Amino acid sequence: MKRRSVLAGLGALWVAGCNKVADSNAGSKLLSAAERWHKGAHRLLTDRDALAPEYPRSAVSPFFRGNGSTDPRNDDYPRHVEEGFANWRLEVRGLVENPLSLSLDNLRRLPQRTQVTRHDCVEGWSAIGEWTGPQLSLLLDAARLKPEARFIVFRCADDHKGTRYYESVDLIDAYHPQTIVAHLLNGEPLPVRNGAPLRMRVERQLGYKHAKYVTAIEAVASLDEIGGGQGGYWEDRSGYQWYAGI
Amino acid sequence: MKRHSLSTRLWHWLNLLCVVVLFMSGLTISNAHRRLYWGDWGFDASHAWLLVPRFPDWMTIPGHYSLAVARDWHILMAWPFALGLLFMWIAMLANGHFRRDVATSAAEWHPIAVARDIAEHLKLKFDHADGKYNFLQKLAYGAVLGVFLPMMVFTGISISPGMEPTFGWLVELLGGHQSARSLHFIFAFALFAFFIVHGLLVVLSGPIRQVRDMITGGSIDEA
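As they're listed, the protein sequences go chains A and V. Using the numbering used here, the first residue of the first sequence is number 1, and each one after it goes up by one. Using the numbering used here, the first residue of the second sequence is number 1, and each one after it goes up by one.
Honestly, the hints are just simulated from the structure, not real lab data. Check each hint, because a few of them may be wrong.
What the hints assert, rightly or not - Listed next, the stretches of chain V that the computed footprint assigns to chain A, with coverage defined by at least 3 CB atoms under 8 Å from CB atoms of chain A:
id: 1; segment: 26–35
id: 2; segment: 97–111
What the hints assert, rightly or not - Chain A is faced by these chain V residues, among others (derived, beta-carbon under 8 Å):
id: 3; residue: W41
id: 4; residue: F43
id: 5; residue: L76
id: 6; residue: W79
id: 7; residue: L83
id: 8; residue: G162
id: 9; residue: P165
id: 10; residue: G168
id: 11; residue: Q178
id: 12; residue: R181
Said to hold, decoys possible - Here's a subset of chain A near chain V, in silico, CB distances under 7 Å, partners left out:
id: 13; residue: G17
id: 14; residue: N19
id: 15; residue: P53
id: 16; residue: G124
id: 17; residue: R204
All figures in this text were calculated on a predicted structure; none of them were measured in a lab. Idealized CB from N, CA, C, for every residue including glycine.
Kindly generate the complete structure, drawing on both the sequences and the hints.
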């Protein structure tokens, strides 16, 4: 017991030291620089269009777990569920020449991409699912991005713990061939748990980037003025890395 | 001649710092999802091969549950850890440390020689005339430098989704994403076991001299 408390004391001292470093100006700069080094290394080693692994249909997991919001109750969302999402609109807006407002039918009539991919949650679990939807690049090209657009923000319908969910990616991931606006999971309309009626798939990054319940796709020049300025719900709330490829 | 070369000493302490931070922040990451799986996927208890105990706050970085902060530390220290290991291998091959002190000869693998070495170790007799390290030490250092530490880097790369388009072959070699995650955990604890035994043996074999020599280099005739 005594040895244990000595260990615990040493541990506490060491951890306090680490926290002091992390809280210091230089320390926090170093910690966020490391995220950029990883992103740089990934981008250096990986072609911008290189694909995340795709699996045969037989590899699909028996169940696709949902995390974060799994049954939003705020605003109009419950009404949309009742209506079978017949009046759901997806806007493409922001720094675009030609803003769009699309129904689910509009999206279903576009060329579709179907991909069986693995979803990795930041917590550590994984599930494999088959996703279908139009590529985001198709929508961005139809809306014609203005040259100053640098990020694509995904606006969502769900309040999670009182704050609206959102996420963002840069143009490399936005134009990646596997980045799709999915409306089918394993050939069926998305369950509410997994983001009905529309969720993003950003296959080279962790699960929190794959925004659910998407209502708008917004092109912006900077993330500073969006939400808490860190580029996403979990980035603002808990300090998760904006680049979620690590 | 110095007992430990400058490159060995620099790397030893840098690596200790990295491994301690990586291990303690890794315990927080483990707490985020305390199940391990084999294969590509896994999310619930029915597929898990191990339910990992929750590690108490005093063992983890930071000292409370924050996956984001733990990942920050893990992501930062991965760099000096991996680049340091690369540096150590280059230095060790260039200065002959590997060939001279770590590589084993066929004779050392002879069962009688191995048995004698184990017996000497159990009697806590650490004097050995030929070469700096005896067989068991060479084996332990070889396994740590050649397998455990590199496997931490390789399994770490494999569980990065952004690396997978390039390193998909590595993920497949390791048996899938969740297998790579399980192996990351297993090798981390293999390193922890080494850390404990290594520390214990330092304490039993004259800790002041051992630690001093790993700082100043010491001299070989003293050994």
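Evaluation of the provided hints:
no.	hint	in the structure
1	26–35	holds (count 5)
2	97–111	violated (count 0)
3	W41	holds, 4 Å
4	F43	holds, 4 Å
5	L76	holds, 4 Å
6	W79	holds, 6 Å
7	L83	violated, 11 Å
8	G162	holds, 2 Å
9	P165	holds, 4 Å
10	G168	holds, 5 Å
11	Q178	holds, 6 Å
12	R181	holds, 6 Å
13	G17	violated, 10 Å
14	N19	holds, 5 Å
15	P53	holds, 5 Å
16	G124	holds, 4 Å
17	R204	holds, 5 Å
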